[in-house]
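Visitor: The lines below spell out each chain.
Number of protein chains: 2
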Amino acid sequence: MTSTTSARPPGRPRSGVNDVVFATTLSTVHELGYARATVDRIAAAAGVAKTTIYRRWPSKGALIVDCLLDAFGPVPLEGSSRTELMSSAVRWIAAKIGEPGVGDAFAGVFSDAVSDPDLREVLSRRLQDPYRIALQEALGEPESRVLFFIDVVVGTLLHRMGMTGEPMVDADVDALVEMVLAYFSDGAGQT
Amino acid sequence: MTSTTSARPPGRPRSGVNDVVFATTLSTVHELGYARATVDRIAAAAGVAKTTIYRRWPSKGALIVDCLLDAFGPVPLEGSSRTELMSSAVRWIAAKIGEPGVGDAFAGVFSDAVSDPDLREVLSRRLQDPYRIALQEALGEPESRVLFFIDVVVGTLLHRMGMTGEPMVDADVDALVEMVLAYFSDGAGQT
Chain A
128 MTSTTSARPP GRPRSGVNDV VFATTLSTVH ELGYARATVD RIAAAAGVAK
178 TTIYRRWPSK GALIVDCLLD AFGPVPLEGS SRTELMSSAV RWIAAKIGEP
228 GVGDAFAGVF SDAVSDPDLR EVLSRRLQDP YRIALQEALG EPESRVLFFI
278 DVVVGTLLHR MGMTGEPMVD ADVDALVEMV LAYFSDGAGQ T
Chain B
128 MTSTTSARPP GRPRSGVNDV VFATTLSTVH ELGYARATVD RIAAAAGVAK
178 TTIYRRWPSK GALIVDCLLD AFGPVPLEGS SRTELMSSAV RWIAAKIGEP
228 GVGDAFAGVF SDAVSDPDLR EVLSRRLQDP YRIALQEALG EPESRVLFFI
278 DVVVGTLLHR MGMTGEPMVD ADVDALVEMV LAYFSDGAGQ T
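From first to last, the protein sequence lines stand for chains A and B. Our numbering numbers the first residue of the first sequence as 128 and each following residue consecutively. Our numbering numbers the first residue of the second sequence as 128 and each following residue consecutively.
Since the hints were made in silico from the structure, they are not lab data. All values reported here derive from a predicted model rather than from experimental measurement. Note that beta-carbon positions come from the ideal geometry of N, C-alpha and C, so glycine has one too. Just so you know, not all the hints are guaranteed correct.
Which stretches of chain B does chain A cover? Using the computed rule of at least three CB atoms under 8 Å from a CB of chain A, they are [claimed, not checked]:
1) 191-202
2) 233-243
3) 280-294
Start from the sequences, fold in the hints, and give me the full structure.
Guide: Below, the structure is given as structure tokens:
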């Protein structure tokens, strides 16, 4: 797992099972859609016992979140300037959301969260916080501005996927980068 | 119905049934969450026969779309300048998404659409197009730019709702207006 927020528990190595489950989760979501990609179906497709999955992930949302963390990996924080950093972060998440199953899973778990406070807490703390904190530190921006940055970038990309079924095309990702950079560069007086 | 794209069919007036069904849909979504607000539950809560509902709306998505059209009404196109117009449109949809059940329904039908091409077509043609066309005409902007404007504004607002369970607070709606106005005003050379 590439999540930076969880230590690997002691005992027999589990990365094999996680890898199979995560890969199967994304392909099942891609194939059946988020709603019909139930944990039971994922377990069956992965050839993993349901009990094994339920033991590690108490809910579908928790599984999807770990699957997304694994698919995303760490946000790239390269760039000699804030604008390069923001630009590469936007393009990175745009590309991730374009990967098969990832955009569907992200949009799906997101919608479930609108009416599920526990899942919202998992999304916020486990999925969003590592990236939010990394961006705050790299950009030297306060939490509220980074949260807004994330709303704009992720929100726009997911809306485009929802309306068209396809990831946002490069020309529009360029427009998103331009708009965001103009706003966040001016606001902090830095480039 | 306040939708401008459908003529009222002949025959006995139906506005009473629609009003009850739309109000019940929003309250049921607000109370149970989008996934558990099934058409059967909505029919029962509304005291309307399931056959009546299924006859008018062939799917849950179609019902939700008409319910949202009714809740939104026409986009306000007041303002003596493009900036006033864009600003009022952003604040209008921010307020609508904040209404009980509306944000949940919008996010919910949106997520279903990611993996349902038929529902995407209904969302795009029936829910989005009237507003897109009205904005294109009022702003004098081409379709691709208005689609991007909608992705940014609606996407950001729905992401905030999904992550916090609450509509975006006024200070951040102000930031959204500022960012969008800066980008779209400069781009077209108009204010």
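Visitor: Against each hint, give a clear statement of whether it holds in the structure.
Guide: Hints, verified against the model:
1. 191-202: As far as the region 191-202 of chain B goes, the hint is violated, because 0 residues have Cβ atoms under 8 Å from chain A.
2. 233-243: holds (count 9)
3. 280-294: holds (count 12)
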